[in-house]
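Engineer: Sequence order for the protein chains is R and H.
In terms of our numbering, the first sequence opens at residue 621 and continues consecutively.
In terms of our numbering, the second sequence opens at residue 5 and continues consecutively.
What the hints contain is simulated information worked out from the structure, not anything from laboratory work.
Think of the CB as a built atom: it goes at the ideal place given N, C-alpha and C, for glycine as much as any other residue.
Errors might be hidden in some of the hints.
[As the list claims (entries may be wrong)] Straight line, CA to CA, 25 angstroms or less: simulated SDA-like cross-link-like pairs of lysine to any residue:
1) Lys874(R) / Arg789(R)
2) Lys279(H) / Leu772(R)
3) Lys279(H) / Trp776(R)
4) Lys849(R) / Ile337(H)
5) Lys874(R) / Arg706(R)
6) Lys248(H) / Pro945(R)
7) Lys248(H) / Pro747(R)
8) Lys279(H) / Val932(R)
9) Lys279(H) / Asp112(H)
10) Lys874(R) / Leu713(R)
[Claimed, not checked] FRET-style restraints, in silico, Cβ to Cβ:
11) Phe274(H) / Arg789(R): 50 to 56 angstroms
12) Leu713(R) / Lys279(H): 51 to 57 angstroms
13) Ile715(R) / Arg339(H): 44 to 50 angstroms
14) Gln278(H) / Pro707(R): 24 to 30 angstroms
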Amino acid sequence: MSIHHHLSSLYLAQSDSLISFDVEGLIDQFWSNTVDGLAQGSIYALVALGYTLVYGVLKLINFAHSEVFIYGAYATWFTFYALGFRPGPTAELAIFELVGFLLLALLAAVLASGATAVVLERVAYRPLRNRGAPRLVFLITAIGASFVLQQLIFIWRGGNPEQAIRLLRPEPVFEIFGASVTNITIIIVLASILLWLVADTFVNRTRFGRGIRAVAQDPDTATLMGVNKERVIMTTFLIGGLLAGAAALFYMMKIPQGAAYQGGFLLGIKAFTAAVLGGIGNLRGALLGGLLLGLMENYGQSLFGGEWRDVVAFALLVLILMFRPTGILGESLGKARV
Amino acid sequence: MTTTTTRTPTTTGRRSLGEWWNNLNRFQQWAIMIPLVVFIYALPVLNPPIITTEPGYDFPIAMFEVARYALIAIGLNVVVGQAGLLDLGYVGFFAVGAYVAALFTSPDSALTKLPFLAVLPIAMAITMVFGVILGSPTLRLRGDYLAIVTLGFGEIVRLLADNLEPLRGNQGFQQVGHPPGTHADGTAIFNNTDGTPWYWLTVTIIIVILVLVGNLERSRVGRSWVAIRDDEDAAAIMGVNTFKFKIWAFVIGAAIGGLSGALYAGQLAFVNNQKFDVVTSMLFLAAVILGGSGNKVGVILGAIIVAYIPARFLGIAEYRYLIFGFALIVLMIFRPQGLLGARQRLLTYGRQAYQRLLGRGEQISHDTSVSTDRNGGV
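Chain H extracted, bound-state conformation (with noise of 0.2 angstroms):
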């Protein structure tokens, strides 16, 4: 939740944007997050002048895909910011929950049809199988190997949508559904051209999986995922069972990544075996490292330049993975942390509770970047 500084009890410095947060009171703090999550559900109905995307791109559209890209971010997180397990096939479990809203929803599907709302934790549950398919093999490998394997998955997931028959390949499966309700004059409240009612339902989403997401990793589970991402084998000697936090964390965010594929798939209204290819993991994980992974302020920071910035400035689409491929490269040089990096929880609690001790405020350590593999050393 916090972008932090250097602060040594004999030097003053920055006081950065998350302790500025922790130390306000109860009260403050819901006095400024009311306004602000009122502000962000108005957004696209405001359409303010210098932040809108119109003419070139529809505004409510733009939000959506900002929207959508911060729940993946969310999801990525937690598997490559909190477990410190680098997953380049995403896109996959992306895409297998569009194609599960596809699959009960369409009318090109042979399936039955369910309503939209009871599909979204269907594909979760769906893409949660998925993630222990993978994940319980594959997930006894460290580092650089885990990332190959994921990336092969990842395209695996794609090649079968292309070839597999029940899928319908580049055509695709028309009229997916969306959630239910109408206008006063018979349209659907929920279609493709309106992003606005989506807009909304994907933040509500997201403040829910915020919720949700911020209470595990304050909790032993999330203790564990710092512990595994910072050394893993500290943490197993520890008693850290690493496999099963791993596993947890995989189909967490294997989970979130369902849930936005079929959000995606419900505002499109179509699905086919296009934007499901590794370039598009790719821009999924640069959104993560470079708001800065394990920090999910960070990570939605990044979510709103990656999906943003392009919808914003559209001469520069085009070269959109060119400007990101390069800040990659030069983050990586000078802040592999990303814009907010988290800091190191573990060693956080621990200075923390000794602070509480001596009754001092609270002090925070220096930024950590994304860390996993130290002792294996280049």
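Just chain R, same shape as in the assembly (with noise of 0.2 angstroms):
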């Protein structure tokens, strides 16, 4: 007998298994699992991105966050709608015509998660600002206004989530010891790590992106220096809205029939907890503690089974904010390097 069936039969409970162990399971898959996990982990960094940079600026849990993101996803499909395609087969596609359907997407997506980012800034919090109300009163106001652009989805187009539009079939370009890696998952690769790049460089190299640190490593000084605070916190919602738009794109290509109307929060908390992971505030973090999450989370699912690939992710988030709050990375936009 070898020492994976061995291990296999390991269980947590007495008698029938209460959770299993499928240890050969992870074996077997662990390349197949490591290339899914990269492609939803960049998904994750990308929204995370948006929790990470308004946490950093205003300390602010915007748990609306996840609206903003299935926002961009219905943005998607509509524009897919529009464009005339119908839920059925794949349409075939040549390239040029694939390339700028997807861009007029992502477009869509990224203008309709940027417009929700910035409008729950308006309507929501800046009246908060302006009262100087503690920060729970914050996180109450998120609450509800992530339970407000829940339910207008759900009124306009119902619980169910809209049927899949497929674009572009995913096909395996190359193997990795004996992984098929798709188109798909290249470009959500490739792209996020591309945005997370643009990102990071705006916010570290160039002058608004100096004023978004001043003002998170102190509002009062930095207003005092010249730096337009409001202006910061708008353009700061608007780059986590437009992260998430993008996001967005990704997603509904990795999981077409991902919008529904409820398939914002468990994305969300699931990038929260990645923002947590990698260290809330910080970039690097958030793309690191995306990509972990997105890993950890498959290599779970492969270890215990498909219905426990949430809890791990909700275990992950206990355990990171009991052991060690500030992250891998730590909390730092706002003691940044000027």
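Build the complex from these two chains, which are given one at a time in their own frames, with help from the hints.
Structural biologist: Listed below in structure tokens is the structure:
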């Protein structure tokens, strides 16, 4: 009897399998899990950037960011629909058509999410800032806003997710250690890392980014030094929204039936977990946390079984907050080098 | 217990309900209280024309729902309102209570069967254990991090209910037990179509809990909670064992949540993995915040709003999450302390003592808001 087989018969509970460990499955699927985890993790990373930026500047957990994301997913779906695509078999498109349509969907998603984020900031958070409300009041407002945004979709489109519209069929491009890497995975990972680089450069290298870091460090002093705090906050929400919109397009390419009114909640919580895992307020942390979470979730899925996938993420969230609430790289937008 | 307005010794403002109540003597208080309580008990039988939710929704059942939400709000208020710990996973405790009731009374469960009324304290005890398990590691966290951890906990409880074989997932437990007693024709008094006995049971429990929680509030424990809520560091410096009292708030809140979960399971006579999602948690929280966190009368009012209005106006039932979401946003901007705010009790205690010393009447300070983390400003 091999060691793998022996391990896989280990049970947490006494008799029937309460939770069983499938170590063999984990080893078998290690590389395909890794590839898929990186794709999933890149999406988490992009959404996590929105949490991290807003938290860095306002010390606010923007609970409604998950809805900012899902508005982008709906915008993607409606763009596909408006372009004449319908649920059903994947359309056959010439490459330049495909690229054009995807860019159009990206534009729509980015605009929808960015606008949602900015409106949210104007309508819900700014009045509170003007009144100097305590932090928990912000959080409760964020919860209320998340409710409202979610329910607006529910009332408009109903409880069922939109039917899948595929523009691009996943096709294996090459293999690593027997795990096939699809065209969609490549697009998602590369584009996400590129967008992260742009965001990181913007915050760390540009004049406006310096304003963001200054406000994160000390809002009052930054204002005295001539930084327009309100504009910085608005831009921070906008950047977070734009990145969430891009993430929404990638998400819809990976999971075409993903436009559901509650679909943002789970992904939002996971992206927040990713942000905390890497160190909230830290852009590099968001990337690292996102990728790590994507990987761990997939390994956990193989180890414990698919139905435990979300439990892995939530358990991870609870554990990090309990033992290392500053995350792997530490909270640092406020303490960033100038 | 009060809604309060600003009153300084020189200006005479509107006298609040709470002030008015406190200035009545014991006899007058009883003279108002007894008919009020009788009326509350009689409500499902009277079925008053305008208040009734029929024909759309069975009125006694609606009243039971209102009472259940009131009980939940009172429990959550201990955590959120008294101790200032924002708990987004309260539905987790509610679920634990419901499942304990189901496991010990349903024929679908392999465990020994116990009488329903004996299961209520067991459900409370087990949820208290869960409260300690969750509270002891997490209560080191402050404010929004605590909120997110509790949210994670609530989701984990829900996912466990989904995934663990013995909890029977969507299939659930049938024929959950109920209190003893039968009508003349042999049918059970506590059945799942007649809300009235369940309503009476819940109202009785609420009255007992209100007395217990009220006593706690006026004790050293309650003062410690308020001190922690207003400024945790200052409370710690003044010698309050903040961790101990936070655990107490958490555990007491958990026990009340578990109790209401067990009642819910009993009335419905069925438990499965639905209805324990985060949206339900938010609705509980909305009841507390809308009514006025920290104020027992306020949170009961909040619970009535959250549970009664969708039953009364069925047309808006579909929109209730939207409406309560909007209400939260608007309220946070214009009246963050809720409809009936809590007074800043510590200040009040000090001021009352001072004024007694000077021989003047009681004066009550400004309203206060959900105000844990004032020093961590935005």
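Engineer: If a hint holds in the structure, say so; if it does not, say that too.
Structural biologist: Structure-based check of all given hints:
no., hint, result
1, Lys874(R) / Arg789(R), "10 angstroms, holds"
2, Lys279(H) / Leu772(R), "21 angstroms, holds"
3, Lys279(H) / Trp776(R), "23 angstroms, holds"
4, Lys849(R) / Ile337(H), "20 angstroms, holds"
5, Lys874(R) / Arg706(R), "17 angstroms, holds"
6, Lys248(H) / Pro945(R), "21 angstroms, holds"
7, Lys248(H) / Pro747(R), "36 angstroms, violated"
8, Lys279(H) / Val932(R), "22 angstroms, holds"
9, Lys279(H) / Asp112(H), "20 angstroms, holds"
10, Lys874(R) / Leu713(R), "18 angstroms, holds"
11, Phe274(H) / Arg789(R): 50 to 56 angstroms, "44 angstroms, violated"
12, Leu713(R) / Lys279(H): 51 to 57 angstroms, "44 angstroms, violated"
13, Ile715(R) / Arg339(H): 44 to 50 angstroms, "57 angstroms, violated"
14, Gln278(H) / Pro707(R): 24 to 30 angstroms, "28 angstroms, holds"
In terms of the numbered hints stated before, the structure departs from hints 7, 11, 12 and 13, listed from lowest to highest.
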